[in-house]
Amino acid sequence: MMSLFFILITAPFFVGIILKVKAKFAARKLPSILQPFYDVARLFKKGAIYSTTTSFIFKIAPLVYFVSVLMAALFIPIGSLKGFLSFNADFVYFAYLLAFGKFMMIIAAMDTGSSFEGMGANREALYSMLIEPAFFILIASLALFTDNNSFYGLFLNLHISTNLSYILGLAAIYVLMYIAMIENSRSPIDDAKTHLELTMVHEVMVLDNSGFDLALIHIATWIKFSIYGTLISNFIIQNEWPLALQIGSFFFVQMAFAGVVGLLESFRARNKLEKNPQWIIMLSAIAIVLFLTTLIITQKIILY
Amino acid sequence: MMLRLKNNQSVDLDKLEILAYDAFSSLAIALLTEEANHCAAYFAYKHELGLQFIMAIADDTHHDLIILSHLLKKEDNKTLESLTQSIFALHIFERELHENFGIEFKNHPWQKPVRFPQNGANPNLQINDYPFYTIKSKELHEVGVGPIHAGIIEPGHFRFICNGEKVLHLEIQLGYQHRGVEQLFLDKKQNLQRHLLAENIAGDTVIGHSNVFVKLIESLSDKEFSEQLQIERSLALELERIAIHTGDISALCTDAAYLLGASVFGTLRTLIINFMQFWCGNRFGKSLVRMGGTHFPFTEALKQELRTVLQAFETQFEEMVCLAYRLPSIQNRFDFSGILTKRQAQLLGMVGISARVCDLPRDIRVSHPDFAYQKFTYQTLSLEKGDVFARFLLKKRDIRNSIAWIKTVLDNFEFSETNCEKPNYNLALKPNSFAISLTEAWRGEICHCALTDKAGALKHYKITDPSMHNWKALELSMRSMEISDFPINNKSYNLSYCGHDL
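Quick note, the sequences are listed as chains A and B, same order. In terms of numbering that gives the first Met the number 0, the first sequence has 23 at position 24, counting the first letter as 1, and numbering is strictly consecutive. In terms of numbering that gives the first Met the number 0, the second sequence has 391 at position 392, counting the first letter as 1, and numbering is strictly consecutive.
Derived from the structure by calculation, the hints contain no laboratory data. Even for Gly, the Cβ is constructed at its ideal location relative to N, Cα and C. Please note that a few of the clues may not be correct.
Taking lysine-lysine pairs in the DSS-like style, the calculated list, with each CA pair at most 30 Å apart, reads [said to hold, decoys possible]: (1) A/K23 with B/K395; (2) B/K165 with A/K274; (3) A/K274 with B/K187; (4) A/K274 with B/K395; (5) B/K341 with B/K395; (6) A/K274 with B/K384; (7) B/K453 with A/K274; (8) B/K395 with A/K28; (9) B/K395 with A/K192; (10) A/K192 with B/K341.
Covered stretches of chain B (in silico footprint by chain A; criterion: 3 or more residues with CB under 8 Å from a CB of chain A, positions within the stretch not fixed) [claimed, not checked]: (11) 248 to 256; (12) 322 to 331; (13) 473 to 485; (14) 494 to 501.
Covered stretches of chain A, going by a simulated chain B footprint (3 or more residues, C-beta under 8 Å) [stated by the list, open to error]: (15) 21 to 27; (16) 187 to 194; (17) 281 to 287.
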């Protein structure tokens with residue numbers, strides 16, 4: 000229960016911190032860190048406009064998307080704080096909850112019949128499909144390492160004192176961070192700030208959404224960021240630490256994660272769209288290397 | 000024999016030999032097949048006997064302009080054999096003639112409307128009825144972009160035919176910005192009004208277009224003007240080039256989502272345009288260039304200020320260039336995107352910086368220099384690859400080159416406040432004359448032509464913006480590219496919508 004609370008608390012500040020960091024490096028001045036808050040509040044006050052070509056799918060999709068992301072947050076533990084829900088192989092449930100929400104957004108985008116949104120939906124589907132193995136192989140190597148298969152159990156047993164856990168942790172943080180960037184359509188595969196529809200991935204899918212629906216989509220993005228940030232923080236938080244320290248370092252990691260995303264976005268250009276799949280498969284490759292390393296070191300397979 | 004003119008030269012209209020269309024076309028084809036020649040303007044005006052056609056061919060080897068002409072009598076059939084079949088670069092000119100005067104060009108491969116003026120060949124045709132090229136297929140899909148732009152630039156419609164992400168065909172429809180500028184030049188009788196028109200032909204080429212305009216009018220008035228005046232104008236032209244290229248580099252960084260480059264280059268542009276404001280009170284140089292003189296002579300104080308500004312600009316520019324141009328992600332984004340070959344550029348009759356990246360060194364400052372570039376010669380640069388990165392790179396090198404040229408001028412020319420006359424808006428123009436003027440603005444060659452009647456009043460005014468020559472190149476460089484590469488390609492050419500639409 001506590002962990003869900005913390006995840007939701009940190010979520011709204013993510014986008015604000017990213018924007019603030021980017022503004023800092025561009026030598027610009029930005030409104031307060033709460034600006035995304037105000038934007039969403041403004042959107043909530045507005046009514047949504049629906050195109051006449053759309054059906055009920057377009058109307059329910061943002062809500063389904065939002066709820067699926069919110070439900071996914073229920074499974075995430077923080078250090079020794081248990082997630083709201085936890086059962087065996089809950090990470091599979093977690094991954095497909097997110098995928099279900101995304102699927103709804105994709106068919107809603109197709110529902111508008113716009114050539115732009117179809118293009119965006121097509122790209123989003125491709126990238127989600129490619130990133131799935133990276134996530135599962137990564138979690139599988141953790142499961143192999145800790146002999147556990149729920150999020151809570153995985154992270155609770157991660158910090159046993161072999162050096163492997165450091166390698167595993169570092170690589171996992173790297174992969175998870177980029178999964179988070181891809182899931183949230185940030186640089187280098189997408190550019191959240193661009194005005195060029197032809198190059199957009201996620202933004203072009205939600206071009207037709209307005210008012211309340213758009214606000215839900217924005218909030219879902221925040222929560223997604225927060226979920227991945229929490230997963231990353233779990234590799235750093237040691238569960239034998241006192242609770243106050245655990246929570247303190249959780250907040251620190253969340254902020255640092257947002258800062259790093261801002262940093263990465265400031266200092267590099269995005270990929271060419273045709274090179275994105277290649278780049279995403281690279282993450283799966285890292286995960287596979289990690290998996291094999293775990294297999295060998297934990298002597299689950301023995302090489303002669 | 001053929002009439003050969005120097006740049007900024009006027010000639011009596013009677014000296015212009017009127018050829019029969021057969022002789023005209025064989026001569027034009029013979030001239031334009033040579034690599035060093037390209038068509039700078041091809042237009043018609045209403046003559047008492049019918050329509051007189053005038054074609055200006057820029058000959059880069061002999062540094063002059065060949066003027067050819069033919070006449071279509073009123074009683075003649077309004078059908079001509081199309082020259083586009085042999086010389087593809089003429090396609091846009093023939094389309095324009097077809098649209099303005101209803102002339103049917105036989106065997107023209109692409110005789111479509113250009114900009115939908117009121118007096119079109121088919122007055123019933125609306126801008127929404129543009130005959131787009133289509134491919135009937137179940138696998139392919141069409142994507143239409145515009146005319147309302149997602150950002151803040153001008154309107155144009157882009158119709159892609161795609162197979163998935165891959166673009167098979169792109170067709171660009173312009174004309175939304177048509178204001179009838181050429182007609183306004185004739186309607187407005189005062190030269191000050193015409194000045195304002197010239198400054199607003201294309202908002203990003205204020206100095207370029209006004210430079211051509213004043214040179215054209217001054218050549219028609221046949222007076223000599225002080226050296227300083229001419230050098231000042233070229234100085235302003237180079238400053239405009241630096242400012243716009245820097246802005247372009249910034250915009251390309253924005254489109255590649257490279258934040259640091261976007262903001263630093265964006266800031267650097269401000270240094271230059273703020274200097275323009277310091278000089279003449281307008282950041283884009285409006286009201287700086289005036290016929291017969293200037294209100295804002297370039298003084299020693301301005302010279303000092305310019306040196307400081309350029310010093311500051313150069314230091315920061317070089318620092319940022321070191322970062323941005325070596326960034327792997329930028330190279331990855333721009334390399335091999337939108338390649339245009341030299342052969343294509345040649346066929347399209349491209350001009351300016353977009354031609355120079357394809358190893359086609361067309362530069363009016365070198366091939367048809369005016370006084371300033373004769374006195375202080377300019378070395379033009381070209382690249383071979385013809386992709387977005389090449390265009391990105393050449394903009395940088397052009398900036399360096401322009402700075403070097405400005406420094407040479409500052410070091411070797413004495414400016415004084417008393418050397419310049421005040422503007423004279425009442426220049427008497429030579430009667431019954433034809434004049435042509437070309438200038439290398441930042442985008443490429445701008446060509447203005449004017450004809451005067453027996454009383455010395457303007458009877459026809461013709462503007463050819465470099466974008467006229469180059470828009471087709473954007474269409475071609477998108478072939479079999481990814482549709483998501485279109486914005487950076489478009490930005491790397493940065494062609495003018497209103498310059499084309501007039």
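Right, here's what the structure says about each hint:
For the hint pairing A/K23 with B/K395, the CA-to-CA distance comes to about 26 Å; that is within 30 Å, so the pair holds. Restraint check: the Cα-Cα separation between B/K165 and A/K274 comes to about 14 Å, which is no more than 30 Å; the hinted pair holds. Of the pairs offered as hints, the one joining A/K274 and B/K187 is violated, with about 55 Å between alpha carbons and a cut-off of 30 Å exceeded. Among the hinted pairs, A/K274 with B/K395 is consistent with the structure: their alpha-carbon atoms are about 26 Å apart, no more than 30 Å.
The hinted pair formed by B/K341 and B/K395 meets the criterion: a straight-line CA distance of about 21 Å does not exceed 30 Å. Of the pairs offered as hints, the one joining A/K274 and B/K384 holds, with about 21 Å between alpha carbons and a cut-off of 30 Å not exceeded. This hinted pair does not check out: B/K453 and A/K274 have alpha carbons roughly 64 Å apart, beyond 30 Å. Distance hint between B/K395 and A/K28 is fulfilled; the C-alpha atoms sit about 28 Å from each other, no more than 30 Å.
A distance of roughly 26 Å separates the Cα atoms of B/K395 and A/K192; the hinted pair therefore holds under the 30 Å criterion. Pair hint A/K192 plus B/K341 does not hold up; C-alpha atoms about 35 Å apart against a cutoff of 30 Å. Using a Cβ-Cβ cut-off of 8 Å, 4 residues of the segment 248 to 256 of chain B lie near chain A, which meets the minimum of three, so the contact claim holds. Residues of the segment 322 to 331 of chain B lying with their CB closer than 8 Å to a CB of chain A number 4, which satisfies the three-residue condition for coverage.
Judged by the Cβ-Cβ criterion of 8 Å, the segment 473 to 485 of chain B is covered by chain A as claimed, because 5 of its residues qualify and three suffice. Coverage of the segment 494 to 501 of chain B by chain A is violated. Counting CB-CB distances below 8 Å, 0 residues qualify, and the rule asks for three or more. Evaluation of the coverage hint for the segment 21 to 27 of chain A: fulfilled, as 5 residues show C-beta separations to chain B shorter than 8 Å, against a requirement of three. Check result for the segment 187 to 194 of chain A against chain B: holds, 5 residues qualifying (beta carbon to beta carbon below 8 Å, three or more required).
By the rule of at least three residues with a Cβ nearer than 8 Å to a Cβ of chain B, the coverage given for the segment 281 to 287 of chain A is violated, with 0 such residues.
In this structure, the earlier hints numbered 3, 7, 10, 14, 17 are contradicted, and the remaining ones agree with it.
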